[in-house]
Amino acid sequence: MSTPREPLRRILVAGGGQLGVLTAIALRRALPSCEVAVVGGEPGPAAFADSSPTAMSFTNKLHDRLGIGEADIVMRAGGSYRLVTRYAGWGGEGQSGVVAYGEALDPALKTAFARDWGQVRLPGAGGPPAGSLAQVLAEAGRFAPPPPGEPTPISAVDYALRWNPAAYRDLLIAEAEALCINYAPGVIDRIEMGEGDTIRAIGLAGQGLIEADFFVDCSGPQAALLAAHPRFAFTDWSASLPTRHVYIAQASAPVIALEDRVTLNRAGWLAEVAGIDARYALLGTPAPLPRAEAEALLGAPALGAVALTPGRAAEPWIGNVVALGDAAARFDPLGPLHLDLAHRQLALLVEMLPGRDIAPLERAEYNRRSVLMMEGVHEVLALHFAAPAAQAVFGAQPLPGRVAAVIDQFQRRGRIPFREELPLLGQEQFALLVALGWTPGLPPAALAGDHAREDQARAAFEAEARAALAFAPPYTEWLGRTLSASRVPAG
Amino acid sequence: MMSDAPQPVRVVVLGGGTAGWMTAAGIAKLLPGIASVQLVESEEIGIVGVGEATLPHIRGFVEKLGIDEAAFMKATHATFKLGIDFRDFGKIGESYIHPFGSFGEEVSGVGFHHYWLELARHGMARDLGDYSLAVAAAKANRFRPPAQGDGLASTYGYAYQFDATLFGPFMREFGLTIGVERHEGRVVTVERDGQSGDVVALVLADGRRIEGDLFVDCSGFRSILLGQELKVPWEDWTHWLPCDRAAAMPCTHATEDLRPYTTATAMPAGWRWQIPLQHRMGNGYVFSSAHIDEDQACEAIRAAAEGMPLADPRILRFRPGRRSQSWSHNVVGVGLASGFLEPLESTSIYLAQMAITYLIELFPAGGRIDPRDRAEFNRQVDMEYDRVRDFLILHYHATTRDDSEFWNHVRTMTVPDSLAGKLELWRRAGRIEKYSDGLFYDASWIAVYVGQGMLPVAHDPRAAMIPPDALARATERLRMAVTGEVASMPGHRDYLMREAARLAEAA
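The listed protein sequences derive, respectively, from chains H and A.
Per our numbering, residue 1 is the first one in the first sequence, and the count goes up by one each step.
Per our numbering, residue 492 is the first one in the second sequence, and the count goes up by one each step.
You may find that some hints are simply not true.
Stated by the list, open to error - In silico negatives: residues of chain H with every beta carbon more than 12 Å from chain A: (1) 295; (2) 357; (3) 420; (4) 478.
To be verified - Output of the computed footprint for chain A on chain H, the stretches with three or more beta carbons under 8 Å from beta carbons of chain A: (5) 2-13; (6) 263-270; (7) 340-354; (8) 411-417.
To be verified - In silico lysine to aspartate or glutamate, DMTMM-like type, Cα no more than 25 Å apart, as pairs: (9) H/61 x A/924; (10) H/61 x A/784; (11) A/555 x H/170; (12) A/520 x H/106; (13) A/555 x H/450; (14) A/925 x A/689; (15) A/520 x H/455; (16) A/582 x A/784.
Calculated directly from the structure, the hints in this document are not laboratory data.
The C-beta atom is built at its ideal place from N, Cα and C for all residues, glycine as well.
Whole structure, please, built from the sequences with the hints as guidance.
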């Protein structure tokens, strides 16, 4: 007869950044009988998952499951909404394109867009048509989060949240305290191995040893626990991902916008995230830049720079330690992929949460899927550096995994082959490839002369776009109303 | 307006069985102007008529072709199918239904089966199928199409059970109305290009020469183009799937009930099917010729069939396995010419449909075949075959039967590594290896594991955090909701007749 496994009794999460705290909350909620503690300090600026002011739409679902309210983030942590990311310059000077979330488009409409996007445009004819409702709304500056459970013209529009990382971390800490999660700041100075390849305890400087039966490493790129494990191995991505230096801007004047930007410039890429209390910017380059030049490109004074050696843990779960976030994978912060990856890996860990006895095959299954997730990010990033104009800045790189096949299928057929555990849905990847400057081919069925289905789909989309624009208020108006309401002292 | 359509590609389909006419109709309908389709078939050869039972995916195919469900069901004497009832597989006397649907729902990210295992530990679990609407409806011989949305009434899908010898002709009628050109005749020579080795034309017995740019081999196990002509190697899977014959014998219905499911009953050297159609019951014994001979199998199916025989048993011969490439040169194999996995989970028509879908996506519009498309097609097809193979092997391997040579072999055989890992993960922790692109998902694996008595040694600790009484109450509520929903469904036969009447009126 099957018996329940003996549950974990104590879990230590190493790393007190926003990722470590959310991880502790998720584990504590999953195992209320288990003691969960966060140890170690807040990871430094090179821990991009911890310093990220935003994630992708998966995080909304995770927040929901963990009882982290979207309204709380908006009102107490400088939260704001991103509907789209605009990519500029990747296909050459003046080229830009927009990526939204979700997979709501009619396939016939996608083909219609592919036809429009593939057309040679006469000068002055304007850009190609919007590829999603989110883009229509973002360009018109209209949006308010749709009321849940009620069909509206914008209910199909998916979005991502941004926030102030420090305020968001405070919000999570308050939640963690309410859940009786302990916090022991300090420097991890010792790792005691136990039986087999497990860690028995870790030491905090001046505080002695803390034992646990499971460890989660959220300590950032140095991977304080995982990298100290005798069986740790690193899979290097530097052959295919050329960014070596990341310059971090000081938070600057707020920007209210429904879109963020990832721009290719003469020296590298620039990622800009808007926010209601600050603008965040990162610059990635293959070669070091003089400070003044980096600041000119960042559009703000630099807070610092970090060197990047991209790659991932060969096995993110060894023995009884699992690494999440930058401790598992290090790569270009040119979009919100860090926190998205970390959160998807966290959800996988919660799904596959072991008992005190860890079965080698469940570790293998976790590692299989976790590695698929990381390699998915690797491939999505590699698409950026394969983009026509990126090669001029970064040089030509070998394409990892199935990237070459994806580009080929897209260019000749407008087809996105399915891949397990990719950070982007098929339509998101389609839009990304267009935004990066590739022209989609047409699927065989679309080559026939009859475009009636596409015309129908296009007309339906235009009607939906009109309805969405009529329904959604100007975003700034909504934001002002919401924030001023939140300032009314609670009775 | 100028059309961007290239010159139509001349597609020649060889073989007029189920796969052949599905391919011809699919291409003609979905690639109008891009392809012209000719089909060569020979009445002297006849067809296997594989697959009387289908999977829910067939509905998408039929719908995409613009075929009306009711017309199609009428022409093929079809019934609805909610799953397969497996009897005597894990152990003689035990049975379970593998539904087109789920069991319960996950709670806080923990799969329902973990809670079920926890209940079982306390002696409070009912049959796992009691928590599945598809299973409960099947057992009650009731049917109604699933509801939209995400309520209980939406937690299942359905497929058809139809007369396979009528499905091919139905697709033929349809194909002919949308422009497929049919040639009656036997192929005597395959002409190939001296340089590329591509097939150029098929020469028929009466001297007609059918030229083409792309050839689809639907010639069944003979695999005239892919196997005989291009000599693409065959990977034999007999070791894991030893059944290589079927003795098929249709019967009358023995009872008034019309089951909305297929029955698969394990036999000493294989298993037998019962597939209820509107007008008769399909029966057959799928067996391993290494373990009993054809006469014994015919005797066994005569003895086992419940209704009056409508014909003598007919022997079908097959080989489980697949070609190492399903697309070689300018020849694409669809159906048995490219591979076969025995009929245990009704995957034959699905596998043909899957190949047709990929062929249409990767179709060489304009006529030039890009080797990258060929490689992509083969990669996708191979992945589907390999995953389905592992799932089928599980049905034989997860058993305690030791009453015959056949069951001793499958119980003790080594299984592919890909399956061994899945089994161990389940045994040790009750977990399923996840994939999102494939045919059988968690619920299917759980149905077979649990149904065949292969329970894990341990389950998720979170399932034990709910007090057993509270868990029992919650699952009891679910079971009662399932029972209530089933009670509101019409009988399967009633539903079919009412639909038929409604459509007759509409017409």
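Tested hints:
{"no.": "1", "hint": "295", "result": "holds, 44 Å"}
{"no.": "2", "hint": "357", "result": "violated, 8 Å"}
{"no.": "3", "hint": "420", "result": "violated, 6 Å"}
{"no.": "4", "hint": "478", "result": "holds, 29 Å"}
{"no.": "5", "hint": "2-13", "result": "holds (count 7)"}
{"no.": "6", "hint": "263-270", "result": "violated (count 0)"}
{"no.": "7", "hint": "340-354", "result": "holds (count 6)"}
{"no.": "8", "hint": "411-417", "result": "holds (count 4)"}
{"no.": "9", "hint": "H/61 x A/924", "result": "holds, 23 Å"}
{"no.": "10", "hint": "H/61 x A/784", "result": "violated, 58 Å"}
{"no.": "11", "hint": "A/555 x H/170", "result": "violated, 53 Å"}
{"no.": "12", "hint": "A/520 x H/106", "result": "holds, 19 Å"}
{"no.": "13", "hint": "A/555 x H/450", "result": "holds, 16 Å"}
{"no.": "14", "hint": "A/925 x A/689", "result": "violated, 40 Å"}
{"no.": "15", "hint": "A/520 x H/455", "result": "holds, 19 Å"}
{"no.": "16", "hint": "A/582 x A/784", "result": "holds, 24 Å"}
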